[in-house]
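Asker: Place chain B on chain Y using the hints.
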Amino acid sequence: MRICVAHETVYRYDAPSSGVIQTLRLTPRNHTGQYVVNWRIDVSADCRLEQQEDAFGNTIHAFSANGPISELRLMVEGEVETQDTAGVVRGAVERFPPSLFLRETALTHADEAILSYAARFGRPVAADTLATLHNLLERVHEDMAFETEPAAASATAAEAFAARRGAVRDLTHIFIAIARAAGVPARYVCGYLHRSDGVADQDHGHAWAEAHVPDLGWVGFDPANGFCVTDHHIRVAIGLDALGAARVRGAHYGGGHEALSVKLQVTQASWQTQG
Amino acid sequence: MLSRTADNLYWLARYVERAEYLARVLEATLRLTALPVAYVGSTNEWETAVATAGCRNAFFARYSEANEENVTEFLAFSADNPSSIRNCIEIARHNARAVRTALTTETWETINGAWLELKRFGNGPTVREEFLRFLHWVQETSLRFDGSAYRTMLRNDAYWFSRLGLYVERADNTARILDVKYHMLLPDDEHVGGPLDYYQWAAILRTVSALTAYHWVYRESLKPWLIADLLILNPQMPRSLASCYENLVRFCDSIANVYGRQGPAQRQARTVRTRLQNSRMEEIFQTGLHEFIGEFVADNNALGAAVSSQYLM
Numbered sequence: 001m002r003i004c005v006a007h008e009t010v011y012r013y014d015a016p017s018s019g020v021i022q023t024l025r026l027t028p029r030n031h032t033g034q035y036v037v038n039w040r041i042d043v044s045a046d047c048r049l050e051q052q053e054d055a056f057g058n059t060i061h062a063f064s065a066n067g068p069i070s071e072l073r074l075m076v077e078g079e080v081e082t083q084d085t086a087g088v089v090r091g092a093v094e095r096f097p098p099s100l101f102l103r104e105t106a107l108t109h110a111d112e113a114i115l116s117y118a119a120r121f122g123r124p125v126a127a128d129t130l131a132t133l134h135n136l137l138e139r140v141h142e143d144m145a146f147e148t149e150p151a152a153a154s155a156t157a158a159e160a161f162a163a164r165r166g167a168v169r170d171l172t173h174i175f176i177a178i179a180r181a182a183g184v185p186a187r188y189v190c191g192y193l194h195r196s197d198g199v200a201d202q203d204h205g206h207a208w209a210e211a212h213v214p215d216l217g218w219v220g221f222d223p224a225n226g227f228c229v230t231d232h233h234i235r236v237a238i239g240l241d242a243l244g245a246a247r248v249r250g251a252h253y254g255g256g257h258e259a260l261s262v263k264l265q266v267t268q269a270s271w272q273t274q275g
Numbered sequence: 001m002l003s004r005t006a007d008n009l010y011w012l013a014r015y016v017e018r019a020e021y022l023a024r025v026l027e028a029t030l031r032l033t034a035l036p037v038a039y040v041g042s043t044n045e046w047e048t049a050v051a052t053a054g055c056r057n058a059f060f061a062r063y064s065e066a067n068e069e070n071v072t073e074f075l076a077f078s079a080d081n082p083s084s085i086r087n088c089i090e091i092a093r094h095n096a097r098a099v100r101t102a103l104t105t106e107t108w109e110t111i112n113g114a115w116l117e118l119k120r121f122g123n124g125p126t127v128r129e130e131f132l133r134f135l136h137w138v139q140e141t142s143l144r145f146d147g148s149a150y151r152t153m154l155r156n157d158a159y160w161f162s163r164l165g166l167y168v169e170r171a172d173n174t175a176r177i178l179d180v181k182y183h184m185l186l187p188d189d190e191h192v193g194g195p196l197d198y199y200q201w202a203a204i205l206r207t208v209s210a211l212t213a214y215h216w217v218y219r220e221s222l223k224p225w226l227i228a229d230l231l232i233l234n235p236q237m238p239r240s241l242a243s244c245y246e247n248l249v250r251f252c253d254s255i256a257n258v259y260g261r262q263g264p265a266q267r268q269a270r271t272v273r274t275r276l277q278n279s280r281m282e283e284i285f286q287t288g289l290h291e292f293i294g295e296f297v298a299d300n301n302a303l304g305a306a307v308s309s310q311y312l313m
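Chains Y and B, in that order, give the protein sequences. With my numbering, letter number 50 in the first sequence gets 50, and the count goes up by one each step, no holes. With my numbering, letter number 303 in the second sequence gets 303, and the count goes up by one each step, no holes.
Chain Y with its partners taken away, still in its complex shape (with noise of 0.2 Å):
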């Protein structure tokens, strides 16, 4: 499937920002499922953009930008051919052994609540392990009351956990704290999803959980639609949580209150047939 995205970023200062610095986490990699046929990034301020990788084997992008900055824009555009896996990632940048995911942070941790609900999943046997992670993806899915927006934009696993709902982000957050507390390593993955439903504008990207199984390797679970990873998810980024894997962190010097809007479309260019 060749899926076209066309994702901006506008951050408005309400005094124009004497400097900004952000890294981007915003340039998809190749892997076996997954072709980057083009991609760009645009910012609107006069800067330089550093291309680096971060420990995890993610691109990134660094940049300064004097001011005043009245308004950034962030423009990303691309184009990718993804197939259809049954969600396992192959051929993937791998830096660390999958033990590194087990370790929880203060986005995941997994409290009395959340360690009580984990036990019914027990600590699967390798043989049992993708049986299990299925079972806690239909759980997660079906227990939670997803929402479009997030309760609080630093929600935990436990808060959210607590009131049986949240957005993508908590719900992926749930899953990585459970699956990681049944002992299976799980992480944070960023990304773009395209929409079967034919609705191309969204509000803001999307994200989904990879966890590691014994001889299969990585494979992505979407709790907040309740399947595996499909060729309709373009994987960008991972991480140990969201902010792990955020497309965007930045400070910036002055100019007071930040507004953000997030105008993001995904859609299918299906000009090409496969032979």
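These are computed hints drawn from the structure, not numbers from a lab. Cβ coordinates follow ideal geometry from the N, Cα and C atoms, glycine included. Possibly wrong hints are sitting among the right ones.
[Stated by the list, open to error] Which bits of chain Y does chain B cover? Going by a derived footprint, with three or more residues having C-beta under 8 Å, they are:
no., segment
1, 37 to 45
2, 198 to 205
[What the hints assert, rightly or not] Which residues of chain B face chain Y? A few of them, derived with a C-beta cut under 8 Å, are:
no., residue
3, T271
4, T274
5, N278
[Stated by the list, open to error] If you want a taste of the chain Y side facing chain B, the calculated C-beta under 10 Å gives, among others:
no., residue
6, G57
7, E81
8, Q83
9, R95
Answerer: Structure of chain B alone, referenced to chain Y:
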């Protein structure tokens, strides 16, 4: 475009590239054997040359010993060796003539002129200097062919198919050198790089004309793992595996764009490129350089087969 035309263009470029590669291997070997034995060790460089050319079995079926006379005859002038330089040029010219109308005048004249001039060398010069001139002439022919195609051909499927042939062959050649000489490239902390290794490493770089490039990139004396890095993963180096695959993906995509459909060839090229992009030298050494190269050669052959079955027949 007819499959037959595409097939001729593809193989035309492959054979020209192969001829150039053989000329480089022979030249590097001549240099190496001209050195005192104390510098290069007691290995038989002529046997290595045959192995790098990928025709060890065919060679030993005809000769019992690999020496300068036998190997130069076999790799350069033999009519019985299907991929001797002479046969490469003859087959390339044969292919070119079949698709004369798909080539520009300049490209055709290069290849036809080379074929005519080949007769002048007869069954091979007997003097070493004359033989070196022959090797340089082969390399120049390839440069002229490549340059005239680049400067005069329309950017359409005819051009792209010829580029596919060129890069598949080039990737195969680089991989084969690495495959034969990999044991000299393994990192070894204990090892003090003596003159023996220095000349061997320089010979590898010379075969892919990368000796100067190496010093530009690393600004260091020759280190085996850096040589491996340059020839496998560095996309700036035109004969590296990474660079070959960057081009293969590009030209496969161009063909797919024009024809409006894509298939196994595109997928295979992308898969291999992704693997090269996502690999790091330490990881390759850890899992085994020899295994990595072996897998790459198999993958590259699979791409050749995919291109063949998708477009050339």
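Asker: Determine for every hint whether it applies to the structure shown.
Answerer: How the hints compare with the structure:
1. 37 to 45: As far as the segment 37 to 45 of chain Y goes, the hint is violated, because 1 residues have Cβ atoms under 8 Å from chain B.
2. 198 to 205: violated (count 0)
3. T271: The hint holds - B/T271 has a Cβ within 8 Å of chain Y, the shortest such distance being about 6 Å.
4. T274: holds, 4 Å
5. N278: holds, 5 Å
6. G57: holds, 8 Å
7. E81: Result: holds, 8 Å to nearest chain B Cβ.
8. Q83: holds, 8 Å
9. R95: OK, holds: Y/R95 within 10 Å of chain B, min 9 Å.
Taken one by one, the earlier hints fail for this structure at numbers 1, 2, listed in ascending order.
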